[in-house]
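Protein sequences appear in the order of chains A and B.
All letters in the first sequence, in the order written, are residues 1 to 292 by this note's numbering.
All letters in the second sequence, in the order written, are residues 1 to 256 by this note's numbering.
Heads up, a few of these hints could be off.
[As the list claims (entries may be wrong)] Cut-off 16 Å, straight-line C-alpha distance, at most; resulting in silico cross-link-like pairs (EDC-like, lysine to aspartate or glutamate): (1) A:234 x A:165; (2) A:25 x A:12; (3) A:155 x B:145; (4) A:234 x A:251; (5) A:175 x A:147; (6) A:142 x B:22; (7) B:8 x B:22; (8) A:155 x B:144; (9) B:8 x B:64.
If you are wondering where the hints come from, they were derived from the structure by calculation, not from laboratory data.
As the structure is a computational prediction, the values presented were derived from the model and not from experiment.
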Amino acid sequence: MTETAYNFAYLDEQTKRMIRRAILKGVAIPGYQVPFASREMPMPYGWGTGGVQVTAACLTPADTLKVIDQGADDTTNAVSIRKFFQRTAQVAVTEHTAEASVIQTRHRIPEAPLTEGQILVYQVPIPEPLRFLEPRETETRKMHALEEYGLMHVKLYEDIAHNGEISTAYAYPVKVEGRYVMDPSPIPKFDNPRLESAAIQLFGAGREQRIYAIPPYTQVVSLDFEDYPFEASKADHPCDLCGCGTSYLDEVIVDDDGGRMFVCSDTDFCATRRAEGHRGRLAGEDLAEELA
Amino acid sequence: MTPLLQVKGVTKRYGARLGCGDVSFDLWPGEVMGIVGESGSGKSTLLSCLAGHLAPDEGQVIFDTRAEGPQDVLTMSEPARRMLGRTDWAFVHQNPRDGLRMGVSAGANVGERLMAVGARHYGQIREQAVDWLGRVEIAPDRVDDRPRAFSGGMQQRLQIARNLVTGPRLVFMDEPTGGLDVSVQARLLDLLRGLVREMGLSAIIVTHDLAVVRLLADRLMVMKGGRVVETGLTDQVLDDPQHGYTQLLVSSVLQV
Ligand SMILES: [Zn+2]
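Isolated chain B (complex conformation):
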């Protein structure tokens, strides 16, 4: 089997400061990788590099494309990379406002990716939008409402629907539960876990919240100061942390 994503020696510097250094890992189809660390640990820089939002100084990010097999997305042509961004890839932002079009209806938000890949039948686009709203627990009668009228949790669920409607093979998530109330977080996590299982999604989730990775991630990477300090199966890392920093992270959670 070929890994869905092969990350090799990805390094990003901001002048003298290290964003992330020499990060390598493979992501297998259907696998969810969690990347944890505090702010400034380099996890968000790494995610931006992997998702093509930021050009790393060194390294390769090789994605197993449908048409041509494994391709380095960093050296891919921009049109090809953008095409990937609206078909096989999805990106869920921490702030739903960054991932939604606030000025158009929920239905149009979900339908946009379908139209971007050529859907031209209004009735069918709308049908799929309503179906996806249902899957993220948004009532169908909200399909024509703008996201502005939605709560934070609903906006985040709408962003997820908008991203998943084209059946992407790889989903990047940046603190998907950040900024939400605890009870809302729990519901969203539940929903995400259901979708990940049901769709067999492959995902890379960046978070500072160990509860998120405990619930969603198969494997875990712990980052500190731009470096990966520990990696392993989620339960293993959380239950028996080896690195001092990981031990600190885990214990600080237990104190809460």
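In isolation and in its complexed conformation, chain A is listed as follows:
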């Protein structure tokens, strides 16, 4: 088959219209999970088929696409999705957050503040925040409809009872615009405050066939207890490469003796800072180049 046999961005126009309707509904009802008829994509579930379909429905030929996985542009998953849209939509691609009009992400929100006009698309494995304690779909839908969210606090209660603190570190539940409780996908809770954004945020779950959204400037509150308030925690280090003290860090093993370093998980953010001349503890020129 030749590449021209594909419609723009792979999906046919009919399907894209269906997905756009779901997206618009999601934007109109922030945090509400909109069912959609997820299509087969030329990649397995778990590889971001939900996000890919949302991205496909949003892309125009004028767009510039960035794809990240755990903050990095160069992982297999990110590279293959980026290539997919280069081939099927011939869109421009970038690794720079500020240059992208559409960013598809798995497990992170970029460090650089997003701006109006940008779209952030999340890959979502499990969209239902209540599933942990209530496996019945009919019941969770009813709980959302009736705002019966006590169960979310049961989960947080268990965290504290067993760990002395709210130990949920990823996919930390939020309440959107004072109404729907939402799973922000497995981003670290460090990213939760940045769910309040100038950008449009769209969430796609392929296997579960759900789309939901946070429109720009929507109130997003992380659930907590009065005596155990939410904390956007991160490793208590600066980045060893760029010296940034406020970015989210990955711990990296650097040698066989258990030596380790902390580096920004957002590779574009870290590289940009280093290009600006910032240096961290271990940013000997060689090491920095080796990891770059």
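Starting from the known structure of chain A, fit chain B with the ligand onto it as the hints suggest.
Same frame as chain A, now just chain B with the ligand:
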């Protein structure tokens, strides 16, 4: 005084078969009503209809709500009925597994109803959970254990604590001592009787066990084939049964 619950002509059919037929009674505040009968007598169907788990074909179930006075719970909106279910009403299942969340700690089980009505202070929720565990004779150091690790009797006591923590005004119980050893049953009955007295609970208890109603119920309804065949004060019905079926029930107990 207004009855807490007015049951009027409640009928439920399963096709041609009668589940329960034309059942009416009033339950007064602080009163415990026992419903006895064999399996298939319609007592469980009736309880399900009263508690909103099953929609009857005919009849009214009017509850004296705090905010708006007497309301027919059958025609009430679903959100309002569910709200009632986690505030003023409680339901104790025969099998504690049906009434507990087996995957979370005892403390979370008791705390769930508090959180459902807006409690957001961990320390206070936990304090109340520990207090309630004590009231159902579960040691405070079990508060973080999951119910799986509990004996059947402890699970049932935990289910009771979980239901009573929000101070419900009406408790439905479905064979609360069923499936427990006799010695465990006695302890549970003792505990239930204490709580009923102390809290002035109103309750509807369905059971096949006349010892349960003898100890807990002020009044008794005897059901057979979906119909109420006899009703009256518990001691009266048990000591001087009028209907032949009741006489049979009572005598079969005496033979044991
Ligand atoms: Zn860095």
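Status of the hints after comparison with the structure:
A C-alpha spacing of about 15 Å is found between residue 234 of chain A and residue 165 of chain A, which places the hinted pair at or below 16 Å, so the restraint holds. Between residue 25 of chain A and residue 12 of chain A, the direct Cα distance comes to roughly 20 Å. Violation of the 16 Å bound is thereby established for this hinted pair. Taking the CA atoms of residue 155 of chain A and residue 145 of chain B, the gap is near 15 Å; set against the 16 Å cutoff, the hint holds. A threshold of 16 Å between alpha carbons decides the hint, and for residue 234 of chain A with residue 251 of chain A the separation of about 11 Å falls inside it, so the pair holds.
Taking the CA atoms of residue 175 of chain A and residue 147 of chain A, the gap is about 11 Å. The hint holds against a cut of 16 Å. Under the criterion of a C-alpha separation no larger than 16 Å, the hint pairing residue 142 of chain A with residue 22 of chain B is inconsistent with the structure, at around 32 Å. For the suggested pair residue 8 of chain B and residue 22 of chain B, the alpha carbons sit about 7 Å apart, so the restraint of at most 16 Å is met. With a C-alpha separation of about 13 Å, the suggested pair residue 155 of chain A and residue 144 of chain B falls inside the 16 Å cut-off, and the hint holds.
Between residue 8 of chain B and residue 64 of chain B the CA atoms are separated by roughly 14 Å; this keeps the pair inside 16 Å, and the hint holds.
Of the numbered hints given earlier, the model fails hints 2, 6; all others are met.
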